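Work out the full structure, taking the sequences as your base and the hints as a guide.
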Amino acid sequence: MNPTTTALRAGCSRGLIELRQSLTNAGELLNHVLWPVLMLVTLFFVRDVSFGQSGFLLGTLVLPSILGMNAAMALVTMSHLLTVDREDGTLLRAKSTPNGMVTYLVGKIISVSGGLVVDLAIFLVPGLFIISGLAVGSVGSWLALTGLLALGLAATLPIGAVLGSVFTSARDQGLLTLPILGMIAISGVFYPVTSMPEWVQWTAQVFPIYWMGLGMRAALLPDSAVGVEIGESWRHVETVCALGAWAVLGLLLAPVVLRRMARRESGSAVARRRERAQRRVS
1 MNPTTTALRA GCSRGLIELR QSLTNAGELL NHVLWPVLML VTLFFVRDVS FGQSGFLLGT
61 LVLPSILGMN AAMALVTMSH LLTVDREDGT LLRAKSTPNG MVTYLVGKII SVSGGLVVDL
121 AIFLVPGLFI ISGLAVGSVG SWLALTGLLA LGLAATLPIG AVLGSVFTSA RDQGLLTLPI
181 LGMIAISGVF YPVTSMPEWV QWTAQVFPIY WMGLGMRAAL LPDSAVGVEI GESWRHVETV
241 CALGAWAVLG LLLAPVVLRR MARRESGSAV ARRRERAQRR VS
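Residues in the sequence shown are numbered from 1 upward in steps of one, following UniProt numbering.
Note that these hints are calculated values from the structure, not bench results.
Note that the coordinates shown come from a computational prediction; the quantities given were computed from them, not determined experimentally.
It cannot be assumed that every hint is accurate.
[To be verified] Restraint-style ranges between C-beta atoms, simulated for each label pair:
1. Ser50 / Thr5: 51 to 61 Å
2. Arg260 / Ala185: 41 to 51 Å
3. Pro222 / Asp88: 46 to 56 Å
4. Arg263 / Trp142: 37 to 47 Å
5. Arg260 / Asp48: 48 to 58 Å
6. Thr97 / Gln21: 32 to 42 Å
7. Gly244 / Thr42: 50 to 60 Å
8. Leu178 / Asp88: 20 to 30 Å
9. Phe45 / Val248: 36 to 46 Å
10. Val237 / Ser50: 44 to 54 Å
11. Leu178 / Leu30: 21 to 31 Å
12. Gly227 / Asp88: 44 to 54 Å
Note that the Cβ used here is the ideal one computed from N, Cα and C, for glycine as well.
So, in structure tokens, the structure goes:
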């Protein structure tokens, strides 16, 4: 059998095992449930708030945006997991195995994507009972949502792998939190971006979180809701192009950065990181 095919199959098996473990471990299961529940609480309190003169409730506009935000946040999860595995020597073991890095990355993509789908389901299913006015009665809406989710993961997971290669300690991942929160704040997740200054609107459109939110709103909201968007358009082509550009950028950068990171990995480097972690604990 082709070595690459063997590595891909092993990666899929590894990813499914990791996903099953995360859904059966009490601590990780709590992580899967906690964030969707917090978002549902937020959604509950804004469900009856009107957005200006649009005739739409803020909760109806926010639900798809939160779905897009969670999908884009997969890059944070990917970055964190890769950094943790680098710190504890998992990546070093993968490097020493034939096609081990391919197996490792495929496994991480499967486990992170599967975990994200679970998180979105935990949020979306109750959310449909809390929020009214969504256009979820057609197969086209669900197909658009599924396609956008796949494109969004292609745009964010490679970037997450690149970011994970930059950090040498899981504690340093906190440096990623503030910029991500800033992107969320300006991307129209909790309030339409058209209510913000024009320079903020242009800045938001640089990052994938805005485009994921816009795509989700286009899939789940009625056509009349387009009036609250920039240019009063769902901009389907621009959404695909923007997320596609991020996907291409990530797919070009990730292999190069990961190869360089793998070359620098050694037993002594892992040992030094463990010593620093032990000193911080003591």
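For each hint, the structure was consulted:
Look at Ser50 against Thr5: about 55 Å separates their beta carbons, and that is inside 51 to 61 Å. Distance hint check: the CB atoms of Arg260 and Ala185 are about 33 Å apart, inconsistent with the given range 41 to 51 Å. Between Pro222 and Asp88 the C-beta distance comes to about 49 Å, which sits within the given range of 46 to 56 Å. Roughly 44 Å separates the CB atoms of Arg263 and Trp142, a value that falls within the hinted 37 to 47 Å.
In this structure the supplied range 48 to 58 Å holds for Arg260 paired with Asp48, their Cβ-Cβ distance being about 52 Å. Separated by about 20 Å at the C-beta atoms, Thr97 and Gln21 break the suggested range of 32 to 42 Å. Taking 50 to 60 Å as the suggested C-beta distance range, the pair Gly244 and Thr42 does not conform, at roughly 30 Å. The hint said 20 to 30 Å for the Cβ distance between Leu178 and Asp88, and at roughly 25 Å that hint holds.
Our hint of 36 to 46 Å for Phe45 and Val248 holds, since their Cβ atoms are close to 39 Å apart. For Val237 and Ser50, the Cβ-Cβ distance of about 31 Å falls outside the hinted range of 44 to 54 Å, so the restraint is violated. The supplied range of 21 to 31 Å is met by Leu178 and Leu30, whose beta-carbon atoms lie about 24 Å from each other. Range check, Gly227 to Asp88: about 51 Å between beta-carbon atoms, so the 44 to 54 Å window is met.
Hint violations for this structure: numbers 2, 6, 7 and 10, all remaining hints satisfied.
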